[in-house]
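Taking the working numbering, the leading residue of the sequence shown gets 31, the next gets one more, and so forth.
The reader is advised that the hints may include incorrect statements.
Capping the alpha-carbon separation at 20 Å, the derived lysine to any residue pairs in SDA-like fashion look like this [claimed, not checked]:
1) K418 x E182
2) K194 x K374
3) K342 x R227
4) K122 x N147
5) K148 x K285
6) K348 x S333
7) K374 x E259
8) K148 x P124
9) K228 x C349
10) K265 x K371
In short, the hints are calculated from the structure, not lab data.
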Amino acid sequence: MATASGSEVEIKTEHESSDEEDARIHNKVEIKEEYNTNKFAETSDDKKHIKKDPGIRKMVEFKAELNSRYMTEVSMEGQHLSLEDLRKYIEKDPTIWKKICDLPRRDIDGFKSKTRNKPRILDYLDKITSMPPYPTPVEFRVSSIAHVTTKEPCITILTSEQVKPPESEFSWWTLATSEEEIKSADKLYIQNQKIQRKRPFLNKFTTSPAFQRDTSRYGNYRFTFPLTELMELYKEQNCGGEEPVLRVFKTMFYKQEIVYAVLVHSPQSKKFEDHPLLEESKFAHYEDGQIIWHAQAISGDHSFKLVVDDYKSQINVKCQRWPTYYVWDHICLAFHLPGQKALKVPRKRLIEALDACELHEQNLLKCEDETERGRLFLEAKKAVEGWKKEL
31 MATASGSEVE IKTEHESSDE EDARIHNKVE IKEEYNTNKF AETSDDKKHI
81 KKDPGIRKMV EFKAELNSRY MTEVSMEGQH LSLEDLRKYI EKDPTIWKKI
131 CDLPRRDIDG FKSKTRNKPR ILDYLDKITS MPPYPTPVEF RVSSIAHVTT
181 KEPCITILTS EQVKPPESEF SWWTLATSEE EIKSADKLYI QNQKIQRKRP
231 FLNKFTTSPA FQRDTSRYGN YRFTFPLTEL MELYKEQNCG GEEPVLRVFK
281 TMFYKQEIVY AVLVHSPQSK KFEDHPLLEE SKFAHYEDGQ IIWHAQAISG
331 DHSFKLVVDD YKSQINVKCQ RWPTYYVWDH ICLAFHLPGQ KALKVPRKRL
381 IEALDACELH EQNLLKCEDE TERGRLFLEA KKAVEGWKKE L
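Model the full assembly from the supplied sequences, consistent with the hints where possible.
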């Protein structure tokens, strides 16, 4: 796999024979609910105490819980674990599967007695040494974030002119990576690798849900804001005019998805002092109004591989006969809004930031019917067009 460390280009040995196996794994009938996509959890009050000593902080304890969408979520607070470390710690922790099976999930009862004794994500992480070469890490500098929801919550946001999580202390936002930001990451990757490439290539690999701008797994109504604008609103409304504090919140994982959560909170709050400042993260930083994301796995399925000619310092992209299925990672921001606090935004500005998006075929609404997904999108599009007339 190609890396961006210094001027060296490292290509790991390919195992073409694993591709057909990957295809077979992907086509197996899976229990739909087990680590089914995700979404951001409502965190509980009993936080794991994380020592300030960096050495002690490396001690990992996973927590399994049901998030606000009744999805199984496994997390580790206070750390952003690399793919390699995540795999290592999951393999070493014999308690994870029991924690998952102890959750009050109806579908869990159906496969408790089966031979599986480890989280599904390990089936994918175990491929880490045999993956076809792909660009990693890739640095993205992202300026906007998005909050996607369904119809009723969208109406509530517009009516109340505020974004307020109904049953949680956190408002969750994902990165909204633009085409221009992908092109910039493409150029930066080539520059860092000291290789030659005349045409852009990164768009062959940016196929994970983190880069799908026309679809969403969370709903049909998407609010997109510049990060600087939301940070300024949060600063004035929840921090008394002081700069917000950004910290390493946690690493969360599902079946294939890995989430690096960034916590944004008021400097007056002492609740999160045991969480490291964001500067300690290897994968997320905040600089000049942008989130700098060092992505490790950017593809939904690996249909292409990198072919690097070290002698000519050139890079090429080759189509694979069979796609390889692996994990993918992304970053989300959790704005701390305890009690009655909210992000207050004028209705006009909310409507300006709103657009309709289609539901991904693997969505958290469990809407599998293509016709119904199309109907929901047309309904959202019509509603958004109606609101836009107010402008």
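Out of the numbered hints, which ones does the structure contradict? none
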